[in-house]
Each structure stands twice: as C-alpha cells, then as structure tokens.
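**Q** Chains as they are written, first to last, in my numbering: chain H, 478 to 595; chain V, 8 to 303.
Don't read these hints as lab results, they were simulated from the structure. Check before you lean on any hint, since a few could be wrong.
Stated by the list, open to error - Lysine to any residue pairs mimicking SDA-like chemistry, simulated, CA-CA at most 20 Å apart:
| # | chain 1 | residue 1 | chain 2 | residue 2 |
| --- | --- | --- | --- | --- |
| 1 | H | Lys563 | V | Lys55 |
| 2 | V | Lys173 | H | Lys578 |
| 3 | V | Lys280 | H | Pro571 |
| 4 | V | Lys185 | H | Pro509 |
| 5 | V | Lys55 | V | Arg214 |
| 6 | H | Lys527 | V | Glu36 |
| 7 | H | Lys563 | V | Lys173 |
| 8 | H | Lys578 | V | Glu236 |
| 9 | H | Lys527 | V | Lys55 |
| 10 | V | Lys280 | H | Ala566 |
| 11 | H | Lys527 | V | Lys173 |
For clarity, every value in this text was computed on a predicted model and none was experimentally measured.
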Amino acid sequence: MDESGRPIFLQLAEQLENQIISDQFEEESQVPSINELATFHSINPATALKAINQLVDDATLYKKRGIGMFVNAGAKQALITKHSQKFRAEFVEPLIIEARKLGITSQEIIQMLGKESF
Amino acid sequence: MTKVIEVNNLTKSYRGATAVDSVSLAIEENGIYGLLGRNGAGKTTLMKLVAGHELASTGEISVYGASPFENSAVLANMAFIRESLRYSENYKIGHVLKAAKIAFANWDDAFAQSLVDKFQIPRKRLVRKLSRGQLSAVGVVVGLAARAPITILDEPYIGMDAVARKHFYDILLADYIKHPRTIVLSTHLIDEVADLLEHVFVIDQGRIILDANTEDLRGSAAVIEGSTESVDDAVAGFVILESQTIGTQKRVVAQGLKAEDAARLQSAGLAVKPATLQQLIISQTNMDSSEKVEVA
C-alpha cells in the first residue's frame, strides 16, 4: 500500500470502494478473498479482514457463506454519495489553500475549469 | 484468543549489565508479531529466553503454560532461527535438512527443497563455505519448512540482498496464509516488514516501550510542518514526540491527532501527514518517556 502512514485497512477499503465506483467490481459480483488481497498487497491477512469487515458494516459488501464476498445491490450509488460529500474537503479545500498562497483568484480558477471538458 | 507465550516481569542480567529489564508481554496464537528495536536493544536475549536457550535472572516465562527452559515438550513446538546458527563442519544443505526433518514434527520436505531452489542455495558446497546471505537463507528454509506452531526468527535476513529479502517476506506471508501459526520476527528494518505485522513490540535498552496493534499505531501520530509560530499554536495540547526547526520552518511529530484536528490544521495552511510506523518508532526510541514534552 502507499507510504503515507495511514492505516492500511482504510487504504484498502477506499481502494475497493473506488473499484466499485469505477465498475471494476460490479454489483452482485464477487470481490477477491482476504487471502488474495493479503498476498497481492503484501499485507497481514488480519489487516485485509479489517478492511473487508468495514465494508460489510457499511453494507457495501455482503458475505455468501462458504463462497465469498459480494458487492451489494445499490452499493455503487451509496458510495458515490459518500465520496461526493468528501469531495469538498479532500479536493476543493486544498485547491483553495494552494490558490490563496499563489494569489490565484476564484475567477481564474473558474476560467481554468471552463477550459477542461469532463 | 489463546495466549501461547506469556512473559511476566522478566529480567536478564549479565555481570551487572541488564539486557532484558522487567519485560511483560503476551503473544496470542496465530499472528505475525514484530519485535523491533535497535542493535543491542535486547531483542536476541529476549528471544533466547523465550526459546529456553537461557535462564532468566528473575521473572516468569510461560510457553503453552510451561517454562520453556530444558523442556522438550515445549521446545518440540518451537523453531528458533538465530541470526548466527552454527552447523557441523562437514554439513552440506542436504545434511541440514535431514537433521531438521528429525527435529521438527511438522517438517515439510518438499517445501524445504523448493525453498533451497528459490534462494539458490548451492547443494554441493559445505554450509560453512556459504556466503553470509546464503547462510541466512539456510536458516530461513529451516525456520519456514519446520512449520512449527511457534516460529521465532531473529533477524533472519542478515547479508541477504534486497531481492532475497523481498522473496523471504513474500514466502513468509504466503506460507503463513496457508499454514497459520505464531510467528515472531525480530528486525530493525521496520519499513520493510511493517505491512506484514499484526502487532509490534518495540524494545529499547531492555525495556518494552511500545506494545500495540500495528493498525492502531498507524495514524496515531502525525508529522506537522509549517512556520514555527503556526506549528507551535497548532500543536498546543498534544504530545510532541520529536521536533525539528530550520530557519522559520518547524516540523514536529505529534501524537493523538484526530481526523478533525488534522483538517483544522490543514485549513490553517499547515502540512499534515500521518507518521509512518518507522517515524513513529524512531521518535519514541530516541527519547525516554520522562523526556516526552507535554506542550502546555
């Protein structure tokens, strides 16, 4: 996982959430097992379990006994809502801090964004 | 969870020098534990005591509920791989594996042979003529193929290059997933193994100064950087583990920040990053607890 020092289970849970949002894991499809996640990321399986448990608690994933973990119906939309709420704090606020430091006005930022197509 | 190792107020002194000082800790069944500390901190002495290779000066050790010292029933369940193992003069790797097969009940010979190939240990050369890294690989092969319920690895990678060490970590994790057991790994290469460890003990001058779940430690401290004045304002009330200043710029490692604290500091223009496990441990090892500065 990344070198940031953040708890690894949070990084892993976020990564799985992003993979659901971007349709790499579709609703009702199976996600990798705890052992596969631990091996792929070179992390302790207890850490992978903690990430999966968090996603189960959030109703993002559910467990089919004896088979594995699956993405819940409706999980994608719920995650988009959740991540949109964090968008301002995680992306807009750092942008404003940097812009203020450099003396870039909000008008100039809007102009820049106007040139991008997304 | 079942406790497999319990250490209570353990002290070991050699002619007045205290190598292990009033250590108490508990290790549960099936987990990868890290024993971290600088060279000479007491890691090897503590492991020798737990493995029954040395007798404690005072205190108690219990492994599966019994003292490990000269206790064959306890030692049959344990593989202890030391950084400096000695082998008989005329041994080749094949002889080492044959001896290990007799010593360990769960020995997996096919796995051992595959590891010899993976680490490219020369089969025809005498073990005493192997390079330092190859000799360490011999220890790793024995330690892993033993599949002992308690596996203690004391800096098993000395002399291995970065590639061989990465092999070792990958194989250790894969084999632990297939055959869960209690693994205690001592190391000073904290960053390399941090992600593998479920729980860490940090030993410094013979004392355990940190005993915590690895994931709980991550994110428990932050590195904060900015102008000296704003940093001093921002960290008032937090425990400061480490502090450095250059010109008008200051960087501190602070403990106990919550997510909302970090957000508040960031909007005040400070750079806030979670401290890595290595940063956290180094900052704790550098100072005695009595020297920790509580900022008013």
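**Q** Each hint needs a verdict: does it hold in this structure or not?
**A** These are the hints, each one checked on the structure:
{"no.": "1", "hint": "H:Lys563 - V:Lys55", "in the structure": "50 Å, violated"}
{"no.": "2", "hint": "V:Lys173 - H:Lys578", "in the structure": "42 Å, violated"}
{"no.": "3", "hint": "V:Lys280 - H:Pro571", "in the structure": "14 Å, holds"}
{"no.": "4", "hint": "V:Lys185 - H:Pro509", "in the structure": "16 Å, holds"}
{"no.": "5", "hint": "V:Lys55 - V:Arg214", "in the structure": "16 Å, holds"}
{"no.": "6", "hint": "H:Lys527 - V:Glu36", "in the structure": "18 Å, holds"}
{"no.": "7", "hint": "H:Lys563 - V:Lys173", "in the structure": "36 Å, violated"}
{"no.": "8", "hint": "H:Lys578 - V:Glu236", "in the structure": "17 Å, holds"}
{"no.": "9", "hint": "H:Lys527 - V:Lys55", "in the structure": "33 Å, violated"}
{"no.": "10", "hint": "V:Lys280 - H:Ala566", "in the structure": "15 Å, holds"}
{"no.": "11", "hint": "H:Lys527 - V:Lys173", "in the structure": "24 Å, violated"}
The structure fails hints 1, 2, 7, 9 and 11 (numbered hints given earlier, in ascending order).
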